[in-house]
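J.: Heads up: the protein sequence lines correspond to chains A and B, in order. Just so we're aligned: the first sequence equals residues -17 to 337 in the working numbering. Just so we're aligned: the second sequence equals residues -17 to 337 in the working numbering.
What the hints contain is simulated information worked out from the structure, not anything from laboratory work. Mixed in with the good hints, there may be bad ones.
No copy labels: a pair is met if it fits in one copy or bridges any two.
Calculated cross-link-like contacts (lysine to any residue; reagent style SDA-like; alpha-carbon spacing at most 20 Å) [to be verified]: (1) K184 / Q173; (2) K174 / E287; (3) K184 / G281; (4) K184 / G272; (5) K10 / L332; (6) K184 / E287; (7) K10 / S52; (8) K88 / A270.
Computed from a predicted model, the values in this text were never measured in an experiment.
Protein chains: 2
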Amino acid sequence: MKPAGQTHTLAVVGASTLLGKEILEVLKERAFPVARIFTAGGAETAPDLPVLDLGDSYQDDVLVEEPEDSEPDYVFLADRLRPAPEGTNLGLLHSAERLAEAEHSKVIDLGGFMLPKAGGAVRIPSLEREGRAPERLDSPATSYYVAPHPAVVVIARLLLGLSERFAVESAVGEVFGSASEIGPRAIAELQKQTLNLLSFQKIPQAVFGAQMAFNLLPRLGRGRTQPGEPAPLERRIRDELRDYMGGHVPLPALRFVQAPVFHSLAVSLYVRTREPAPLAALGEALAAPGVRLRRISEGPPSPVEVTGSSDILVDALTADPAHPEGFWIWAVADNLRLAAVNAVEIAESLKSGGP
Amino acid sequence: MKPAGQTHTLAVVGASTLLGKEILEVLKERAFPVARIFTAGGAETAPDLPVLDLGDSYQDDVLVEEPEDSEPDYVFLADRLRPAPEGTNLGLLHSAERLAEAEHSKVIDLGGFMLPKAGGAVRIPSLEREGRAPERLDSPATSYYVAPHPAVVVIARLLLGLSERFAVESAVGEVFGSASEIGPRAIAELQKQTLNLLSFQKIPQAVFGAQMAFNLLPRLGRGRTQPGEPAPLERRIRDELRDYMGGHVPLPALRFVQAPVFHSLAVSLYVRTREPAPLAALGEALAAPGVRLRRISEGPPSPVEVTGSSDILVDALTADPAHPEGFWIWAVADNLRLAAVNAVEIAESLKSGGP
């Protein structure tokens, strides 16, 4: 069924990545008025997803066409741009320079792929609709939008919500990433490692560079970073938070930990307010559409539980007994879905001309 | 081979727990001069350890006898005291009141089991030998010693080491516990959950109260805590840290997270100093026997790697780019071994009459 009214031409770069598939799924669910969807090859394909994959049915009846040589209205970057293969039209989807020069296309970048080429604005439309986003400095007219890492969506939502009613002094955050963060090869490797460990066989380590099953890694193996420097993903999250929250809320100290989890994202935040504040009032400050607060009498929300949901699940806040002005937040979200929903919401807000 | 010189009579309550077995192993390794070891039943037995268990060979040739009715020199509490079964001598090993009244025995409590009955002193002899332990207020003559949770040994060692050379302003810590923290039933349940998930079967949840495999839990299921209160283990760690570090170093804000890991303990610490300090100097301040610092060019230490070792492995420190005076520490230790070594060192220090 074709939507009434104006329809749009979309391109999804990396449509076969986990994130690309999620974008196609969200576009369909939200009935984004699509005339045509072009897909362009990404680096990763999703061949044999392991048995723990939740069996989502992707893109079955979304209209997908091969690229042609015209500019799409919206380009979702779910993967790096690749040099154009022989015989491909729409070469603009294969180079950041070409894409930056596109006159018509609006680019929604889900992974900082164009960052070196074009200064874009981080956008979280759900916060902007609620009037919770900080006033931004007028950014130059852009056709390049940064769809931030889902940890940024979670942390910005929590801290901006709190800062409306309380003076947030400082925050310390740990972000726990799952295999799906890296892609199908990581999911497959975590599964294979698990099976092999349980049957005393050698484990593959090509993706994680170390034993990931039944383990925790504060950084992946094989020196991807310079001495004393944060891991690249940690840096991306920090940079996007800084860009989005500006000086509005103190930027949290941040660490990324890779957990032996297949899907989703967990965030642990320790927040200090200027004055001690009652937990109930702090919890109320977090209330928003798409945020579900747990009571202490319920089980704590966990990465497994939130898979497939668009919500951010937040555990009952807990006071830190040693620090009257300090308290802990635990939040989980489906990383792929949250990122995809936010990216599609960016397109929707551009389409309707406002946040 | 019987050691020369004075020998001692020991009792291990909960000798069949993971911690009790580790104590027996450490006593043997360090050739503690033992005349006799009594064991008294603990709550947990270690029946069929799962395939991932590292196959330690426990207590094979330690002399173990049934309790008789005299006071042992040292009592290691590796499990709760239990009402004396019919026909048992040495009834003092079965009630905290009796044990507190023992005239001769020195009690080394590894789990806060006697806490409600007797005020004891937290002891970390390795820090005291190095002169790094804070001066303690003179505690009343006691025969009850608290062998702290291994996370306390790790955190106290790191923060006291740093505070010798730098003004530590604040610290925020997350402690990641493994199944071995809870016991053999937790190890077995994590393994069973893993296998069942990989073969689409229902998972047992009796111990964790939730899916633990491929997941993270900020607290266990089934409301073990009051609204807004920290989990019991978190409270124990915090209380012991407060007791040991006194006002010497700011008490860290603290969270305990249960990870899908079989063995060991990981600690993530964010520390702020009054003035920005070079990472190299901060790292040097942590140098001590039993602490091994990793370089950034090496893989990060992980819970899996440290299993079976007495050392505390510390990853290369990383600066937090958003906070010039903030940096991150990642440390791992074998929880059972570290706790057992510290407990035996308490007995050794008492035997030699000094720290």
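J.: Hints numbered earlier in the text: which of these fail when held up against the supplied structure?
T.: Those not satisfied are hints 4, 7 and 8.
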